[in-house]
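First to last, the sequence lines map onto chains A, B and C. Position 290 of the first sequence, counting from 1, maps to 290 under our numbering, and the rest follow consecutively. Adding 371 to a residue's 1-based position in the second sequence gives its number in our numbering. Adding 812 to a residue's 1-based position in the third sequence gives its number in our numbering.
Take these hints with a grain of salt, some might be off.
No more than 25 Å apart at the CA atoms, straight line, and that leaves these computed lysine-lysine pairs for BS3-like [claimed, not checked]:
#1 C:Lys1285 with B:Lys496
#2 C:Lys1289 with B:Lys496
#3 C:Lys1209 with B:Lys531
#4 B:Lys505 with C:Lys1285
#5 B:Lys496 with C:Lys1209
#6 C:Lys1026 with A:Lys58
Ranges between beta-carbon positions, derived for each pair [what the hints assert, rightly or not]:
#7 A:Ile68 with C:Glu1059: 30 to 40 Å
#8 A:Ile69 with B:Thr396: 32 to 42 Å
#9 A:Asp348 with C:Gly1093: 22 to 32 Å
#10 C:Gly1068 with A:His150: 47 to 57 Å
#11 C:Gln1281 with B:Asp502: 14 to 24 Å
#12 B:Arg468 with A:Asp92: 50 to 60 Å
#13 C:Glu1302 with A:Ala73: 29 to 39 Å
#14 B:Glu377 with A:Arg91: 15 to 25 Å
#15 A:Thr370 with C:Gln1281: 40 to 50 Å
Computed from the model, here is a short list of chain C residues facing chain B with C-beta under 7 Å [as the list claims (entries may be wrong)]:
#16 Glu969
#17 Val970
#18 Gly1167
#19 Thr1295
#20 Gly1297
None of these hints come from the bench; they were simulated from the model. Nothing here was measured: the structure is a model prediction, and the numbers come from that model. Beta carbons are placed, not taken as given, at the ideal position from N, Cα and C, and that holds for glycine.
Listed here are the chains, written in short residue letters.
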Amino acid sequence: MPDPVDARLDRLRGRANPRRHNARTISALATNPGCARRALMDASGADKNLIAEHTGYKAPFGQSNFAIIRGNAFESQVKENGAAPLLGLLRDHLRLPIEEAGYHDFNEALGNDANEVRYARTRQVLTSADKNQGTLFDHPLLRLKIAGRHAYLEPDLIAFQLHGQFHIVEIKSFSVIDGQADPAKVAAAAIQSAVYVHALRDLLGGDPEQVHHQTVLVAPENFSSRPVVTGIDVRKQLTVISRQLARIGRIDELLEKFPEDLTFDLDPAPGADAAPRRDPDDLLSAVRQVEASYAPECLSTCELCYLCRDEARGTTAALGKTVRDDFGGIEFVASALNLARGSAPAPDREEVAAQLRHGSALRTEILGETL
Amino acid sequence: MVVSTEVAAARAKAATEAILADLKTAPRGVVVDSPPGAGKSTLVVRAAAELADAGERVIVIAQTNEQVDDLAVRLAVAHPEMEIGRLSAQAYARPERLMPHENVRHETNPADLEERPAVIGTAAKWATVSDAGKWPWAIVDEAYQMRSDLLLRVAGLFAKALFVGDPGQLDPFSTVETQRWTGLSWDPMSSAVEVMLAHNADVVPVHALPVSWRLPASAAPVVSRAFYPFTPFTSATDAGERKLRWTAASLARTPADDALELAAEAGWALYQLPHRHTLRTDREAVAACAELAARALRRGGVAESENGAASVTPERIAIGTAHRDQAAAVRAALASLGVSGVTVDTANRLQGREFELVIVLHPLSGRQDATAFHLETGRLCVLTSRHRQACVVVAREGIPELLDRHPSVEPVHLNVPVKFPDGWEAHQSLLAHLSQFAIRA
Amino acid sequence: MTMLTSLARALAAERGRAELIRTVRHVHLSPRPLVFIPLELAGEANGPLAALVGDDPEKPHLLTISEPRNRTQRFAWAADLAAIVLPYIDSFADADIGEDEAYQDAPQLLVPNPGGLGFTRLLGRSTRFRRTQGEYAVPESVPLLGRWLTFFAERSEVPASSLILSMTDALTAHWATGQSAMEDGHLAALLAWIDPPAGMTGAEAALAAEDPGKWPPAGPATHPDFDNDVLEGRVRAVRSAADAGDEGGLNRAQAGFAAALRSQLEPTWSLMWQGVELLRGLREADYLGKRWERDRWSFSGHVRRLADDGAPQARRDNAVRAAQRLSSLERDQQFIDVQAAFEDPLVMAEQRMSGEAFAGSAVEVLADRTDDTGKRTVPRPWVTIATADGVLIEVGKKVKVVRATGTRQDAIVRIVEPGDEAGAERGVGTTAVTVELTSGMGRKKTPEPGGVPAVGEFLIATTLTGDFQPSPKWPEKEETPWTHGGPPPEYVPNDEDAGEAWS
C-alpha cells in the first residue's frame, strides 16, 4: 500500500521524475531549514531549476566544464595504480599504520547494474570485509531514506577500512595553499563527508563507531596537482545531518497545511524535449501558496532565489539579515520609513520607532535634509 | 548525580593532590580546567604556597587588577608569614582590603620584589618587564580567557607554568577580522592554553576540578551537561542543602511571583513573554528583568546554605545580558523602580563573579535569527553559572523554533580543532531543561 | 555600521538611488591608480586566464594565456604583467631619498572586488619563490613581481592602508544601496544603484546589471555559461591549430581567444573608471594625508628591503611575527576608528546611536571650578550637556569633548541624569551629562580664553579617545618561548620552492 505521505509528495511534484538526491543536495537541506517552500520542493523531488525557468526567474547557477574536467582529472590521478599515491599520504600524514592495503573497486564487478543490486553487493562486501586487512573501497554505493524514498549516494569517495574502522575519504579539487583552504568549500566538503559517514553507518548497522568521525580530505597542494591530505572532524556536521533528516521525516506535518490538490506539476509535453505546458502564472501562484523564507544568502544556494527575491521586494528581509535585525521585527521598508518620519507606532513598536526617529534626526542634523 | 559535601570535598581534595603531585614532576607544567565555582582561586593560592615552600620562586599572572588584589588578599590571609610581592603600575592605589596585610609589598619594579617567593601582577604589567631573568614557575590565572599573544609576551619570564582557567567561558577575541593565522598552531587570536597545548600536549597533563562549590544541586548537572560534555562536574551540595525562602508575601500576586517561587523551589524558572520580534532593548523583557529583581527584594529572600542563612540583599542579586545597551536599559528600569545596588552587566563583565540569585535576559529572546555571537557557548555558560541558589531566565516564546530553523552554514577551517560543545547544542540543552520550569508572563 | 546604515538602505530602496553614508571620502585616491582586472580559469588554484591592466582609462592592456594550463605560458604571462606593473611602481621610486625619508607619493592598485585581492595574493604566492636560474628558471621579472604583489596583498589587510583597494569595498564604505550587501558584491549592480542611467531607478538598473550578457562578472571567476558556450571552443581552436602546426590558423585562433576574453573584461574596465570618478567626486577627509603618509612609508620601506635583496616574504607568519602583526593591525584599526569619527559626523553619528558618544548643547557651565588637591591648582570646569542621544557611558569614564571649532579636550564623566522615561518615549526626553574638562585650558589656574565652552555651544563627547598604548615589546624570533613551539627554523630557499609546480 503506497504511503499516503509519499502519494502526496508525488502529487506535489507532478509527473516529472523525482530529482535524485546526492550528498550535495542532502547537505543543502541545512542551508535554510526554516523555508517551507524549499522543504516541500526538496522533499517531493521537484525540479527547482525548471520551475524557476518556466516562471521567468531563471537561476544564475551553473558549472563550468573546466572545473568539472579538472575535478575528474585530479580524482583519476589520486586513484591511479590502485590509489598508491593516496596510500602513501595516508601512511605518512595521518600515520595510519598500513604497510600495504588491498584495493577493491566495486565498479569492476558491477558495471551498470541496477542501484539495488549495487547497493546490496556493497553491503555484502563491506560487512564481511576482513577487519585485519587495510582496504580501500572504490565506488561503493550507499543509500539513505529521504522522505520515504531511497536516495542512492554514489560518492567519489573511497571508504578505507583499518582494524574494523572505516574512514571516509573525500577527493576535492579546490587547493590547500600553505595549509589553508577556502572555508566555505571545506564546510561543504565536511558536511558531504558527514552524509557519507551517516549513510555508511546506516549500511553497516550496529555500532556507529565502526565509521570514524574523522574523515580525510584529499585536495591539490598549493598550485600543483600533487595531492595533500587533511583530517576533518565531522561530529558537528553529523548532528546537523541527523537533525535535517529527522525534519524531512516530519514532512507530513508541513504537508497538512496545504490543500490536497496543490501541485508544482509542469505538465510536460509528450516527446523527448518534454517542454512544460503549464501556464506560468498558474504555476507561480501554486508556488506562492507555500511560504518562503527569503534572505540574500539564498542567491548563492537555491535555484528559486530570483522568484523569492521578487516576492520579497519591499521587505526588510530582502535587505539582509543584519538590516532586518536592526529594524527589530518591522517587516516592510515602507513601515520602517513611516516610523522614522514620526508616524505613531503600535504599542509594541515604540522602542524601534524611537530609534528610527533618532536616526532620522541625526541624518537631518548632519545632512540638512529631512527623510 | 548529587554528592554530599563531605564526599565532594574528598573528591576535590584528591583532584588537588593529583595536580600538586604533577607540579613536582611535569617537565613544563600543568593545565587545570576549572568549571564555574570549582575553587580555582583556592587552587592558585595553594599551588603558590606549595611552590614557594619547595623553594621555587613563583610569579602569579592574573588578567585584571581586581583579580590580582583578590589573589593577593587570599594568599596573604592563608599565609601571613609569606612575603608576597604585588607588581603594580605607576597609577596603582593600594585598595582598602590589602591595607591590613603587611606581608604584601607593592612595587613597580620587579627587581625590588625578586627575593620574594611569590609575586603577583597583571599580565599587562608582566609583559612590560624585561631584563628580569627567569622565574622557575608561573601560575597563569584565567588562562583560557587570556589571548595567546599576551602569553607570548610573558612566557620568557618563566620556565614552567600552571595554567588555570575555565574552558567553558568566553573565548578571547579581537576587533580585527582576518583568517591570516587560522589553522596555525600559534594563532595569536586563540587562547593561551590552546596555543600552549598545541605545542606541548605530550608533556603537559590536563586536569579538571570535579566539584562546583557555587552551583547548587539543581544547577550543576544542567550546566555540566550543557557546557562541559567531556569534563563533567558535580555540585558540592546535595538537593535541599541550598534553599531560597521568601519571607514576605506579595500583596497582589503576579506571574513574577510565580516565577520567583518556582525558582526558589526548583532552582530555575523560565519567565516567558509572548512571541514577538523586537529590538534587543526589548522594553517588556527589560522591564520584566527589573521587576523580578525588585520583587525579589520586596519579598525578603533568605538564602540558606551549608554556611548558614543570609538575607538576599541587592548586592547578592545580578541581572545578566548579552549586550551593553540591554544592561543600560535594565539599569534604567531598576532606577525607575527605585531599586539600587543590584549588579547589572554583560556576560563579559560577569565572568568570575557569583551571586545568590541571577536573572538572565536570554541572548536569543525576541530575535529572528541566531548569529554566532548570540549562540556563543561561553556567553550562555557565564550567564547561567553565576548563581548559588537560583536562576530566572527571561525570554520571549519562539526560541526553540528559531533554533530549529537556524541554517548550519558556518565555515570550516583546516587544522583548527573542533570545539565542544557546539553553541547550538548548548542552547538546545539548556532550553530543554528550562522548558520544564516555564511561567507565562 | 548600525541602524543608521540600515536606515540609509531603506531610504535608498524608497528613493531608487543609493544614499551617501559618509560626508567625506575615507580612502585615498591616487591621481594615477593602476587598475588591475584579473580573470582566472575555473577549477584551478589561481590559474590566470587573462587580465586587463593600465593606469590610463583610454589605454587598457590585455594580457591573455591562450593555453591556460601551460606552465611556460603562465610565467610568460606573469612576465608580461610585470612589464606593466613594475615600471608603474618604479615611477614612484625614482627620486633619491635618504634612509629616514619616504617617497613623495606611492603606487595604488585598484581591483574590482575582494576576489581580486585574493587573486593578487595568490599570484604573489605562486611567483615570489621562483628562481631566475637553473632548472626551473622563470623570467627575471617574475619573482620580483611576486614580491610586490604579496606586499600589496598584505597591505590590503591593514585597515588604514589605501595602497590597494577593492572597488566594491571602497564604494560600499561610502554609499548604501537599496539592495543587500551580498548583491552589492556585484560591481555592475552596485554602480547601477549609485549612478543609475537616466530614466531608470537603481533597482531597475541593478536588475539589468545582472544580465551576464551585458555585464559579465567582474572576476576573477568567469561566468560558467561563457566558459561552456564560448571559451571552451576558443581554447580547443587554439590547441588544434597549435597541434597541426598551422601558423596562420594559430594566429587566428589566438585572436579569437583574445577577443572573447576582451569582451568579458572591457565592461568591467569602464565600471572601474566610473567608480574612480564617483569616489573622486567626494571631498577628501583631512586625515587622509596622515593615512597616505603611512602608506608612503610602508612603500618606501619595501623598496629598501628589495634593494637589500633579502628572502621573499614567508609563507606563513611565525609566532612572533603573527603576534606583532595582530597588535599592529589592532592599533591601526583603533587609529582610523577614532580619526574617522572626528572627521565625519556621520561616523560619529553611528557612535551616538550606539551610545558610545553623545552630542548636544551645553546648558550649564561652571567655568571657575578648580582642583587644588594636587601640587598646583588646576582648572577643572564642569560642563553639563543636554543630549537627545542615548548615553551608555558610565560615570568616571574618560571622554574626548569635541568643540564646535573642532578642538578636542579631555574630560571625565561626572554625572549622568537620564530624562524621564515618558519623555524618552516621545523622543523629546534628554539626558543631562556633566563632564569635567581636564585638558586644553592652558597651564594657569584660570582657563585660557576659549578653553571652556560657552552655554549654548554644540559639543560632542566620545569614548573613543584614541589614547594609544605604547607599542608592545616582543621577544626576538630566536627567543620564541616553548609555549609557542620554540624558535622557528630559518628559511632556506630551496629547489622545492623554485620547482613547485604551477600546474
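Hint by hint, here is what the structure shows:
| no. | hint | result |
| --- | --- | --- |
| 1 | C:Lys1285 with B:Lys496 | holds, 12 Å |
| 2 | C:Lys1289 with B:Lys496 | holds, 22 Å |
| 3 | C:Lys1209 with B:Lys531 | violated, 38 Å |
| 4 | B:Lys505 with C:Lys1285 | holds, 17 Å |
| 5 | B:Lys496 with C:Lys1209 | holds, 21 Å |
| 6 | C:Lys1026 with A:Lys58 | holds, 16 Å |
| 7 | A:Ile68 with C:Glu1059: 30 to 40 Å | holds, 32 Å |
| 8 | A:Ile69 with B:Thr396: 32 to 42 Å | violated, 59 Å |
| 9 | A:Asp348 with C:Gly1093: 22 to 32 Å | violated, 43 Å |
| 10 | C:Gly1068 with A:His150: 47 to 57 Å | holds, 48 Å |
| 11 | C:Gln1281 with B:Asp502: 14 to 24 Å | holds, 21 Å |
| 12 | B:Arg468 with A:Asp92: 50 to 60 Å | holds, 59 Å |
| 13 | C:Glu1302 with A:Ala73: 29 to 39 Å | holds, 37 Å |
| 14 | B:Glu377 with A:Arg91: 15 to 25 Å | violated, 53 Å |
| 15 | A:Thr370 with C:Gln1281: 40 to 50 Å | holds, 43 Å |
| 16 | Glu969 | holds, 6 Å |
| 17 | Val970 | violated, 10 Å |
| 18 | Gly1167 | holds, 6 Å |
| 19 | Thr1295 | holds, 4 Å |
| 20 | Gly1297 | holds, 4 Å |
Of the numbered hints listed earlier, those contradicted by the structure are 3, 8, 9, 14, 17.
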